[in-house]
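K.L.:
So you can see what is in the structure, the chains are spelled out below.
Protein chains: 2
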Amino acid sequence: MTVRNSVTPRAATDVSNYDIETDVLVVGYGAAGASAAFEAARTGARVRVLDRAGGAGGASAMSGGEIYLGGGTPIQLACGFDDTPEDMAAFLTAALGPSADPAKIAEYSSGSVEHFQWLVDRGVPFKPSMWDAPTWVPPTDDGLMWLGENSWPFTELAKPAPRGHRPTAKDFGGNLLMECLAGAAEKVGAETLFDTYVTRLVVADDRTVVGAVARRYGREITIRALRGVVLTTGGFVDNDAMLADHAPQLLGHTKVSAGTDDGSGIRMAQALGASVRHMGAGQVGMSLIPGLAARGMVVNARGQRFMNEDTYPGRIGQAALYRQNMGGAWAGGDTAVWVIVDETGFEDVPAPQRWGVQPTHVAETPEELERLAGLPAGSLVDTIARYNEFAVHGTDLDLHKAQRWLRPLTPPLAAIDVKAGIRPPSESGDRRGTGASVFTLGGLHTDLDGHVLDHDGYPIGGLFAAGRAANGLHGFGYISGTSLGDGTFFGRRAGTAAARNL
Amino acid sequence: MTVRNSVTPRAATDVSNYDIETDVLVVGYGAAGASAAFEAARTGARVRVLDRAGGAGGASAMSGGEIYLGGGTPIQLACGFDDTPEDMAAFLTAALGPSADPAKIAEYSSGSVEHFQWLVDRGVPFKPSMWDAPTWVPPTDDGLMWLGENSWPFTELAKPAPRGHRPTAKDFGGNLLMECLAGAAEKVGAETLFDTYVTRLVVADDRTVVGAVARRYGREITIRALRGVVLTTGGFVDNDAMLADHAPQLLGHTKVSAGTDDGSGIRMAQALGASVRHMGAGQVGMSLIPGLAARGMVVNARGQRFMNEDTYPGRIGQAALYRQNMGGAWAGGDTAVWVIVDETGFEDVPAPQRWGVQPTHVAETPEELERLAGLPAGSLVDTIARYNEFAVHGTDLDLHKAQRWLRPLTPPLAAIDVKAGIRPPSESGDRRGTGASVFTLGGLHTDLDGHVLDHDGYPIGGLFAAGRAANGLHGFGYISGTSLGDGTFFGRRAGTAAARNL
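In order, the protein sequences belong to chains A and B.
1 is the number of the first residue of the first sequence in the working numbering; add one for each residue after it.
1 is the number of the first residue of the second sequence in the working numbering; add one for each residue after it.
Keep in mind that a hint or two might mislead.
A pair counts as met if it fits within one copy or between any two copies, since identical chains are not told apart.
Computed cross-link-like contacts, SDA-like style, restricted to lysine to any residue with a CA-CA straight-line distance of at most 25 Å [as the list claims (entries may be wrong)]:
1. K187 to A363
2. K255 to G457
3. K255 to D456
4. K127 to Y197
5. K127 to G72
Note that these hints are calculated values from the structure, not bench results.
For reference, chain A alone in the conformation it holds in the complex:
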């Protein structure tokens, strides 16, 4: 039995006075919280945003800043791409599945052009130019990028259009995005309080949420929220006990967070009878250079390819971790994943874009490379021979990598162990470790207005959630930009709904 911070709700009858009174209380000041606070405050409601850290930001500020937008945004049109909400929804349904929320995907897709304009109006800059190759983050300030839409099987399911929209910034744009959103929220009157950790909700006799209890510099404070509480506390990647219970495959990998994604908001609401969805799902940022992978092969510990290497690299990462057992949590697992590339492919990617990656092994023959990498005899030799035959014929019969990236691999050859890590330009150290950086996608079950639902499917009065405290758009899949995307989009909805909850 693990005893944690108590999240058991406090009865309103047990709270004699409140230290703070507001209309809408927003708990957590990342992108979702800032979006909720902005929309609530601009209705004229009193809004208070709390964060346990010393300022706004959370995991949002550490991110690349990509937002998944489409349906014909000005950036898409300027770059020469048509798009429709229907194609966007078809792609998201496949990419975020299985069991991604169809109503949320439809709403998000049809509202995407408006949401783009909302972001621009908040001061978020997007440059109308395109980066046209697989990458985690473009090495340029290009504002539009593919996120797997032009890779199999999605090419067969929806008309491809690039939908990765990226704020104009040097390297990672999350900081800039947060500055714009927090600035906008505060400009319309949202008040903040930092270094304040909300631990439990305050509930009336009828289970309506009417406030929260928090810890601030060792002292307990109480906040009364007349219209509602919006939980934007993030996911639970920093809570190993929750990972063990719900997503043990993610344990032990590098955590993508500001260190505060402990699932507290999810647990506070669950203690009150809230339901959750897809708690096992996770994004997997694999420590590979997408440009190198696209120019070569990605193989598992048996030397087998398992996914078309030109797709959104997070899909390769999810497959590696959940299906090929990278990291080795599952009994009997293979634990290694390798990027195999030849000298031509390696040098095709300019050195600065290789983020410090070096070949782990170099060899003059497939046989030698296989031996150096410790792969079963003949396995990689067979896989390279088969791949090279596909390249000669221009068709990847196994995994449907686009012809553009198919070229026979010719010695000298390199094998890169993804556990050796990458060194993104925005970070000082190496991402060395297990080959993966992860965060959670599961969370509270909400409706389109961010109401948190109970186990009967009914809203819990006065309780809202958005961002990674909620499951949002996601099934078990993930695409870059859908977390900031649904966090800001449905964060706005939650803020509006809470302010109207008179």
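Position chain B relative to chain A; hints supplied.
P.N.:
Quick look at chain B alone, frame taken from chain A:
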């Protein structure tokens, strides 16, 4: 928003009178419920067992009846196998992982010999003879079988001993097991009430569970439980909305249940603030004949092998469904899984043990078989060539199948589509469909005495759970016999603890 039967707890202050009063209320009359009822009743407590069906049984009665037992049972010793609780625990930790419950595994392993005797004392017959080949259910009445303990990687993690204990019965033994357990419970005084569907719990002001509300022939009845309520309502495989939220990979496959595993007990407790674990986990009974698979290969839609074919067949099934996308829920997935076997291997398995399986395709060459099965050109040809080389050298470099089962595959060759189904002798129809029959493993988080824990890790007063309403021993893995095993073992504990909860 899906509206289901309400599971919101009813306040005790809103219940004016009770139709039934008992000390211990057991909800659900499968193996776990019968075990709990027996132990509670033999302390002298008044015990009432409810079931929504017209009699005892549930999914337990439909099962093969195998119970996972070891540590040196009389049956193991009679068959010439030494075993220790430590080896049993080491195997279970690996096989039921990741994140299987270490305390429950230790307790279950050290108490296993006693639990065997308890089952014998309840009249469950076990024959001291061994069936020594991979199978779902032995074609004989042998009482002991391997469940993967002698397959890689477990051979490297624990001293192998067979631990599949099977009641002496013609074919499936679940019915016999249930007769023994229900008979024992009723003999010591447990009273039953059938056709009664419990919908919600009754709670006192301090959140202690003091009873339940049920529906019986369209009328609501209330039951007061002075010492506690034990939820043994089964898993949630019959609830597609819950599957979509928590285990979408299991959607659409054949459900292993009596049709009543709707997760009601899990949801009733969650509505009260109970926590759950591993809701994404599922057992996958794959529609293949283990003896044929062991004598051949199992390949995915790219013609690749992915697991040693001599292991517990449920592990092959889990890998096929969760990792090779059998059934196709995941975007971009392959959807086929094939058993490849040659004529010698096929005929080595006597016809009655083939459970109606016929080759889907037969061919004189690997090339022809590959073409008939629609596998990518060259894929199966390569895999067979590689496998045959392993067979010649007596070592499976890729997946470590035991030498005993390695033999070059020589034409004529057959490919068997697992979707064609199997026809277990105990069933009238074919199990034709998706290639898999599934049930859920996730459920309520309990301690060693079956107390249901809240999100702070504390027991909820008066509330107990066992069987598949609880997560029990399991992480994401499964081995036959661990469900009846932990259901009866921890069901006993829950019944004892509830009866003592004065």
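K.L.:
All hints are to be evaluated individually against the structure, with a verdict given for each.
P.N.:
Hint-by-hint comparison with the structure:
1. K187 to A363: neither (59 Å within a copy, 74 Å between copies)
2. K255 to G457: between (32 Å within a copy, 24 Å between copies)
3. K255 to D456: Cα proximity of K255 and D456: across copies only (23 Å, versus 33 Å in one copy).
4. K127 to Y197: Neither. Shortest intra-copy (37 Å) and inter-copy (60 Å) distances fail the 25 Å Cα cut-off.
5. K127 to G72: within (15 Å within a copy, 70 Å between copies)
The structure is inconsistent with the numbered hints 1 and 4, although it conforms to all the rest.
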